[in-house]
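Novice: Following the hints, put chain B in place on chain A, whose structure we already have.
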Amino acid sequence: MYEQIAANKRKTVVLIVAAILLLGAVGYVIGMFYASGPVGLVGAVALAIVMSLVSYFSGDKIVLASTRARPVTAQEQPRLHNIVEGLSIAAGIPKPKVYVIPERALNAFATGRSPEHSSVAVTEGLLEAMNRVELEGVIGHELAHVVDRDILVGTIVATLIGAVVLISEFFMRSWWWGGGRRSGGGRDSGGGASAIVFAVGLVLLVLAPIFGQLVRLAVSRNREYLADAQGALLTRYPPGLASALRKIAEGAVIPMRSANNATAHLWMNQPSRIEGEGMGSMEKLFSTHPPIAERIRRLEEM
Amino acid sequence: MPTWAWIVIGAVALLVGAGILIHNRLVALRTRVDNGWSQIDVQLRRRYDLIPNLVETVKGYATHERELFEKVTEARARAIDAKAMPDQASAENMITAGLRQLLAVAEAYPDLKANQNFLALQEELSGTESKIAYSRQFYNDQVMRLNTLIGSFPSNLLARTFDFSMREFFDIEDPARGPATVEFP
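Chains as they are written, first to last, in this note's numbering: chain A, 1 to 302; chain B, 1001 to 1185.
Here chain A stands alone, though its shape is the one from the complex:
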């Protein structure tokens, strides 16, 4: 546990430094074409530092907002609140804030930077489908992520690297759907700018798989098994989580509207925007979760 916490804090520092270096490099290259002097470099590094600060201090709020999670009171959701409070007592951490996501899919995640600043969010579908013991299993798993500071790395990854990935998607799409075609006819409307947009998009597109790889390195599949085990240690009842995972596997065909590649690794189970079993190609690239059948098998062996 303590090794996990220390490792996650180290990873966070590495991630932030890597992001500053990468963005700095991109900024430097753009600056070389666009302006004289180190304007691009300085600007990009400043941007990266601001992004790092924002993702450290408000990453949880950004993640929660991106999933349209809303805070719920103990009066609205007494069962959920009781379970979160009970398991926080067992884990010896302050009670995290409790959110509900308006989605039919069965999923949950935790975010924040420390146990003192943490939030747990579950989907409406999950609340409906799970009985008390199963919900305890799910919350136990999420609280294990909180205790181990997985949430810190996960949230930084989601906002920092996620922002870069989203920017690249934005650039490529805007070039594909608008800029690409328009630049053929409307050369007068700033051909230079659209060339830069294209160049930035291309660079980021090349970088995107590298980022995907980084995400996978940062949030190893092992940590899901670990959180399953630690969660079961909190509830002292592995079959609860196993049964919950079985339900989640069955419900995996329900698409999740608020899923995106930047936050995929945070969820209890790999979310998909696409109806049915399959994942999109980008979604596969960012696949961060071990197969659910294997997780169930390990829980049953405990």
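Since the hints were made in silico from the structure, they are not lab data. The beta-carbon is built from N, C-alpha and C at its ideal position, and this holds for glycine as well. Just so you know, not all the hints are guaranteed correct.
To be verified - Restraint ranges, calculated between C-beta atoms of paired labels, are given here:
1) VAL14/A - TRP1006/B: 35 to 43 Å
2) ALA1018/B - ALA25/A: 41 to 49 Å
3) PHE1162/B - GLU250/A: 18 to 26 Å
4) PRO94/A - ASP1163/B: 29 to 37 Å
5) ALA1089/B - GLU301/A: 34 to 42 Å
6) ILE1007/B - ALA293/A: 55 to 63 Å
7) PHE1162/B - ALA293/A: 17 to 25 Å
Specialist: Chain B alone, transformed into the frame defined by chain A:
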């Protein structure tokens, strides 16, 4: 100064440093154990507060269960008044058993089961029951860690010098300690 003096100074500094670390660890664990203990108290008190409400609500529907109401109410009074640990433990066990019976009885009254107030109380109660179980679990986990540290070398030397003593586990007489919620799904 000769080399050996530096070596001695270095060794002493290392020992003192290790001693401070172990001592701080002992203090931290002792604080957690005390915290765990008061957390159990908080949850037990919450259960005391719920009992009169629950009894009142059930009374309105299940008029024939007077004996059971009295048993639960009496156990509650005994638990609150208890001075010594064994007395309190047996009274708490009586409360747990009585409440289970009370909720089982409620199953026979459909009107009661549909009562919003009863449903809310039932949720509060099973939530509190599991919080009691979880706070005991946390307490016992911390006691185990403290006792292990006090019992093992070299921390036992410091524990003896600074008067840290092993704590007792909170034993639960109830053998049916599964997930505390199985009874009220």
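Novice: What are the numbers of the hints that this structure violates, sorted from low to high?
Specialist: As far as the earlier hints go, 3 and 7 are violated by this structure, in ascending order.
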